[in-house]
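Following the hints, complete the assembly by docking chains B, C and D onto the known chain A.
Number of protein chains: 4
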Amino acid sequence: MKALVYHGPGEKNWEDVPDPKRQADTDAIVRVDTTTICGTDLHILKGDTPEVTGGRILGHEAVGTVEEVGSGVKTLSVDDRVLVSCISACGACRFCREGRYGQCTGGGGWILGHLIDGTQAEYVRVPFADTSTYRLPAGTSDEEILMLADILPTGYEVGVLNGHVQPGDTVAVVGTGPIGLSAITGARMFSPSHVIAIDLADARLEAAKAFGADLTFNNSHADAVAYVRGLTDGLGADVAIEAVGVPASFELCTELVRPGGHVANIGVHGKPATLHLESLWTRDVTITTGLVDTYSTPTLLRLVASHQIDATRFATHHFGLNEMLEAYDTYGRAAETGAVKVVLSR
Amino acid sequence: MKALVYHGPGEKNWEDVPDPKRQADTDAIVRVDTTTICGTDLHILKGDTPEVTGGRILGHEAVGTVEEVGSGVKTLSVDDRVLVSCISACGACRFCREGRYGQCTGGGGWILGHLIDGTQAEYVRVPFADTSTYRLPAGTSDEEILMLADILPTGYEVGVLNGHVQPGDTVAVVGTGPIGLSAITGARMFSPSHVIAIDLADARLEAAKAFGADLTFNNSHADAVAYVRGLTDGLGADVAIEAVGVPASFELCTELVRPGGHVANIGVHGKPATLHLESLWTRDVTITTGLVDTYSTPTLLRLVASHQIDATRFATHHFGLNEMLEAYDTYGRAAETGAVKVVLSR
Amino acid sequence: MKALVYHGPGEKNWEDVPDPKRQADTDAIVRVDTTTICGTDLHILKGDTPEVTGGRILGHEAVGTVEEVGSGVKTLSVDDRVLVSCISACGACRFCREGRYGQCTGGGGWILGHLIDGTQAEYVRVPFADTSTYRLPAGTSDEEILMLADILPTGYEVGVLNGHVQPGDTVAVVGTGPIGLSAITGARMFSPSHVIAIDLADARLEAAKAFGADLTFNNSHADAVAYVRGLTDGLGADVAIEAVGVPASFELCTELVRPGGHVANIGVHGKPATLHLESLWTRDVTITTGLVDTYSTPTLLRLVASHQIDATRFATHHFGLNEMLEAYDTYGRAAETGAVKVVLSR
Amino acid sequence: MKALVYHGPGEKNWEDVPDPKRQADTDAIVRVDTTTICGTDLHILKGDTPEVTGGRILGHEAVGTVEEVGSGVKTLSVDDRVLVSCISACGACRFCREGRYGQCTGGGGWILGHLIDGTQAEYVRVPFADTSTYRLPAGTSDEEILMLADILPTGYEVGVLNGHVQPGDTVAVVGTGPIGLSAITGARMFSPSHVIAIDLADARLEAAKAFGADLTFNNSHADAVAYVRGLTDGLGADVAIEAVGVPASFELCTELVRPGGHVANIGVHGKPATLHLESLWTRDVTITTGLVDTYSTPTLLRLVASHQIDATRFATHHFGLNEMLEAYDTYGRAAETGAVKVVLSR
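Protein chains in written order, with this note's numbering: chain A, 462 to 807; chain B, 462 to 807; chain C, 462 to 807; chain D, 462 to 807.
With a straight-line cut-off of 20 Å between C-alpha atoms, the simulated EDC-like cross-links for lysine to aspartate or glutamate are: (1) C:732 x B:712; (2) D:482 x D:494; (3) B:507 x C:739.
If you're looking for bench data, these hints aren't it; they were derived computationally from the structure.
Owing to the predicted nature of the structure, the values given are computational and were not obtained by experimental measurement.
So here's chain A without its partners, still in its complex pose (with noise of 0.2 Å):
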């Protein structure tokens, strides 16, 4: 089959490979319909993932069919259509027990074009296949369902639930790449009074607002403090949510959040940041990381099918599975593109 391969540092490549084969009887086969490419991609290719080694297939989302099945799926049959989890669960361990698969301690977790191959190709092999897929719910497109093999999940989780997002709160979203716009979007199910996307670029900052900002702020130029301040009697957000992954943004979520509030942090860290205790000690506010879990992949699921959510907003650039390549480059000037998401379909 074709896949998506890695080769070490700025090198990948589109080539023939085996196709991929069962390895426990827990495993699925399944043929790949429908993938996309994530930011965390990118910084496999640009070297920051080292554990991950040459000759991987890259790619953790997919819509796909199932080809085959191990004699330990109980759930899932042949030709069976289905969303492919960016985290697997064992299903066992005291994590995956407690819904944090991300935690997975049983050979789970994000392991999909990291540790195993992964659904950049034709075919992927999906372990833990019970509890790592979902049915597509009658009525959606397979598009809009692979927004939630990442970005949703990820976005809702660790930024908006985490967050505790209620009704009526002001929230802060401090970045607005694929993954603040999932935190945008998933803020609005809770009602929000105000949603602030706060960036360095216009551009997003327009995008934000087709995803449910009601207010942009640029803080290139100006301070995002005062102004959030300035909207709430000086307080500042009931949650801020970062959505970046550089000390600069996380230290500003700090700051704009108001005394009793919540910092959700999102973003994926290469380096330490400076938490200012000083003056947060007395503030009673709750910081909270996280890798995405997908034990709300149903409630998403259940979103999308009744369309309180419209997952086809990310979808912005549609490619030809062939085209991987092409996709690629278009992702990675996202800049210049605007892309929000590329979808990669057979």
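Below, chains B, C and D without anything else, positioned relative to chain A:
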């Protein structure tokens, strides 16, 4: 001044009475600019509430203007425009300190138009004025804020929050009078997949659609349980909200709910219901009852001010304050007039 | 092997039966080292549970040793010593993924000694062995862990956690059989101010003191409601736990509870109760029902291993496995023998 | 009257000052029967708290007798015996209505011995007396209730409740001064499996055992992270409580905590800490900060009155009120004297 005075079962009059006077230093006198009539007022007039004595001015909902404040009132000034809540709160008892103002043991709770004179008058004495009134947010109308005096917090707290409505849920609301419509409005703040309005009258079900019910079901001639199970893989509703107040509708809710779901009773009951523990004991259900506490009023003010809730939809009929008896007539024949809430203004 | 076989109402025998065989690859065969008898077994013998058919081996509680595992069992090995839980969990259905194993729709739930052969035998087939058994912690005895097969998680989850017992609370437990004593034991984990045991039998109340009730009340001849209100400034108990299973004790709980409090039903009911909504509708009560899910079993294992819970107190009488009929006799006459739990060991 | 007056950094005196007078109708004048000294008082004396001006009477903890009440005080009478809380609460602002009194925007918060004269005196003016004092429960001593003025609610709310300690947890408490010991005491209310006290001084660790730490670890010469992971299958503590107030101990807590765990900061910090987001971003941790709110004071009063908490253990040294300077000396040399709390009584 003029006021609507109760003179025993079936007897009321819009008549001259002495102006209210402050009795405690924490009292305010508020000029009533807008008031309304509640289903509870009709119950009082039927004689269902024997603790209400002849000579009592009815009404527990108003928006008005502060005329006088006692020396113990610290946060209000003359000419402040305020929402007068149906629940008064001493602010110091155990229950008030837990935000459970409806259970106030310090002299508050539901007293207006019940144990003391109420708001269907030109002026009203408001006890514990600091903790029993709310300033009007900028850019809101008296009419929409009036809906926060009772029905919106009742539907939201006792129905939606007690029922623990969550994104993606299927919510069944039994009864679509003003309280049921408030519960539907409040439930929508949490983006349920479906809100199913259930009633015996097609006209009310039609109205329910305008308030956010995406599905309606007339249970006068068909089986609501079968209908809801058919929509939910045989499981039942995540949340069933009782907004009628008779045993049959409560018992229906306990059948509508799925294992692990919530039944939230809002209805005012005069008789016991049967609780089928012989089937419910294994079904992991949570049943809640409650008088409104109005702890959610600040949140609801934010939701109205930010246009997340359109409260003007409730105000179906308008009258002058002096047309009180006509307003009672219109509201008393709601099935015929289609009245949801009548608004009386100076 | 030998097993306790149910032969229809009133008929049971300790007799030779074929050894159990694996039927699915996720099955394990466990040698029963220790088992016990549950009140539910007595109900079955009375014919109250018609879904239990003649020829069924009873029992749903055991500690044992793994003899065989199917190819789908990933985390257990032959010779592992395990707790066999009363609840089997498929691990993949919606309810299992939410930790609500008692409601498993994938073939689990309460099946042992009910829908399939159980643990009152020399060997037992355990379905879904990965997610239905727990390894024994170091330093614990079989006998104390046996109490975690059913009664301790039942009292803790359905009574204490559903009832939301908190430090400083006044907790009333109505009924002091094994389940009531489990609820008392579990409640003590949250340091309530008072645990009031209420029962009709002085001997059981005396036993309740040893399990952590600091106050006891015999309600055969006096008014428990007046007693509890007298202790609580007239308010009532923060939490009332029903551990009998008859309408009168449930109705008592709804009167014992304070405004804003919780009624947690554990009792197995055969008849409906009356719910006095005409008084309860204003009292902000939360009523819960539930079958045990055993999601708390890992927590309870830690509590027993760290000596926070002394589970050996429950084991009042000891027998050899072959003395099954004598053990039934002793347990069936608990009022006379003072049996809380009988322990049968190889 | 006599009072302990701050005269700028390093300068204090027990001297004659005018008796306090009521300034608002919600004030009470309380005769101080028992007071104590807090670590914060030592910080003020070092000059770390520049908002405290010369001439200020220090102290924010007392048990006393009401001498006078203003007309706005509704629930207290002369001769009532009360706990004077370190936090004053206006009772009407947004934060007070949410129980977050430490963030009061209506003139309360931590003001006693800080922004207004405090309790280390023969009499003290207590603002917002209705909502800032608590009656003494029957059968309790002044000395034990005094511990509820600050340290016990601080350890319980900011450490235990913010840290979400649950039965069966492993809790690490870093720092075993009075606040760390309060956190240990509070944690025990939830029956953790283990409470590990971590400190640099063996004498303090020894004391920690008496307060409920079952394990102790001196981290001056060994690796606490390795120790805690060794106890927890390599995972780390469920909850890590910071009770020192320096960057190193906070950073240690973020390493001690398991994935999915809680870090609760209680320490008063003067400098920023480093937050290692490059490793924490995937670890699902929750970090909280907080000033005490004293919303738990009613609960703690019940826990002391019912002997769930033995607060007398904190009172290691006793003085007459006139021995204030000796008491300061003893408390200031706690490492040497072993003082946890000094109690000064009339």
